[in-house]
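In the order they appear, the protein sequences are chains Z and B. Counting with our numbering, you get residues 1 to 194 for the letters of the first sequence. Counting with our numbering, you get residues 195 to 375 for the letters of the second sequence.
To be clear, the hints were calculated from the coordinates, so they are not data collected in a lab. As the structure is a computational prediction, the values presented were derived from the model and not from experiment. Don't take each hint at face value.
[What the hints assert, rightly or not] Heads up, simulated DSSO-like pairs for lysine-lysine below, C-alpha to C-alpha not over 30 Å straight-line: (1) Z:Lys-79 x Z:Lys-63; (2) Z:Lys-175 x Z:Lys-99; (3) Z:Lys-60 x B:Lys-310; (4) Z:Lys-143 x Z:Lys-79; (5) B:Lys-310 x Z:Lys-63; (6) Z:Lys-133 x B:Lys-231; (7) B:Lys-246 x B:Lys-231; (8) B:Lys-333 x Z:Lys-50.
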Amino acid sequence: MSSNKSNEHEGQGSSPARNRHAGKKGDPCEFISPPNLLLAKVTRNPDLQKIVNLSKSSFKVEKAQLKKMDALIASSEGKCVKAMNQKISQIAPIYRDLKDGGKPPASALIDRIQDIYNAAKLLDHTPVMRISKSLLTYLHGLKTETSYSVGILTAHLDALFNRNALDLKLDAPTKQVLSALETLVTHATSSQKG
Amino acid sequence: MQPTTYDLSVLTAMFVDDSPYMRTLIQDLLILMGIGKVITAPDGETALELYKQEVPDLLITDASMEPMNGFEFVRRIRMDSENPNPFVPIIMLSGHVELSHIEKARDNGVTEYLAKPVSADSLMRRVISVIERPRQFVKVGPYFGPDRRRHTSDVFFDGERRGDAPPPGTSKDTSSTWDLD
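Bound conformation, chain Z alone (with noise of 0.2 Å):
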């Protein structure tokens, strides 16, 4: 392991990053540069622990390999967006209620709610995570089973069945929508509890 002591600063650059380090320019740097244990070890060759940096990479991927993990990766995808799927769909019943001027409990669907937003978090599906998520807040917050705004419960549901529309990256107009969403329920919050 080889370490040397300098008084080196991060930079003397404007970015943010360096900026948090503004008030410590006396701190000093100590470069610290430890054995490559894992090349000397996946190669078997004690003599790479003093490689610290391969310029050009001697690794072959096999292709047949990644086709295998992929392969995985999509099946387990599958499984689970089958599994959110139908979790969403056990709430159309309410959804249609809400639709035809009804007003369920609350209670019928915050368990659900909780559900889909569980197999959300399994899958990183991002919308519905916050979708969700935004309306537990809402339903958690109300003070009786009936006291809700049809109106944000409609809107949140419209986004969880027109989900394939919103993109798992979040482009704008899906952070729109999301953001939307939350602001909706912050507000109705906040004034609840005013």
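Once you've looked at the hints, dock chain B against the given chain Z.
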């Protein structure tokens, strides 16, 4: 250098995530990659205990977990004086791609950041990257971890390096900007 296949079966990896689905998936993927042993843990606290017992060669962790999240877990790995290997490479696997999140990971001592959803290729590249290009460590003030400044030599693998390129304004130069870092 001749193309080679590393013997990853000698490595032990640890994956930390509160989602059982992700734990199973990443464990299976790492085993398919050829890694010999994969340990999993549902949160940072459990992982820290397991880490001290097993001393894995590589850590992959999620960010959002309870009671101890991924950032705190990474910080403890780097800072804990009882830790058997504070230099262990740590890859953070997270669904958050916001810059602030990535900076937080970096400032806590993460070696590499990998955004979900994970692909076979991206996971493989990160693992090979921590083997072939380990980061220099730095201790400055309260921070101890990989040097937070990325060196250009870490980025250019196959193509022309900056030092080999002609200066701006010469015949080969087609870009209008020049990186002065």
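Compare the distance between the alpha carbons of Lys-143 of chain Z and Lys-79 of chain Z with 30 Å, and conclude whether the hinted pair is satisfied.
37 Å, violated
Given the hint that Lys-175 of chain Z pairs with Lys-99 of chain Z, does the C-alpha gap stay at or below 30 Å?
25 Å, holds
For the pair supplied as a hint, Lys-246 of chain B and Lys-231 of chain B, is the alpha-carbon distance within the 30 Å limit?
16 Å, holds
Sort out whether Lys-50 of chain Z lies within 30 Å of Lys-333 of chain B, counting only the CA atoms.
21 Å, holds
Regarding the pair Lys-133 of chain Z and Lys-231 of chain B, is the alpha-carbon distance no greater than 30 Å?
Violated - the C-alpha atoms of Lys-231 of chain B and Lys-133 of chain Z are around 36 Å apart, more than 30 Å.
Between the alpha carbons of Lys-79 of chain Z and Lys-63 of chain Z, is the straight-line distance 30 Å or under?
Since the Cα atoms of Lys-79 of chain Z and Lys-63 of chain Z sit roughly 24 Å apart, the hinted pair holds (cutoff 30 Å).
Take a quick look at whether Lys-310 of chain B and Lys-63 of chain Z sit within 30 Å of each other, Cα to Cα.
21 Å, holds
Pair hint outcome, Lys-60 of chain Z versus Lys-310 of chain B [Cα-Cα no greater than 30 Å]:
Holds - the C-alpha atoms of Lys-310 of chain B and Lys-60 of chain Z are around 24 Å apart, at most 30 Å.
The earlier numbered hints that this structure contradicts are 4, 6.
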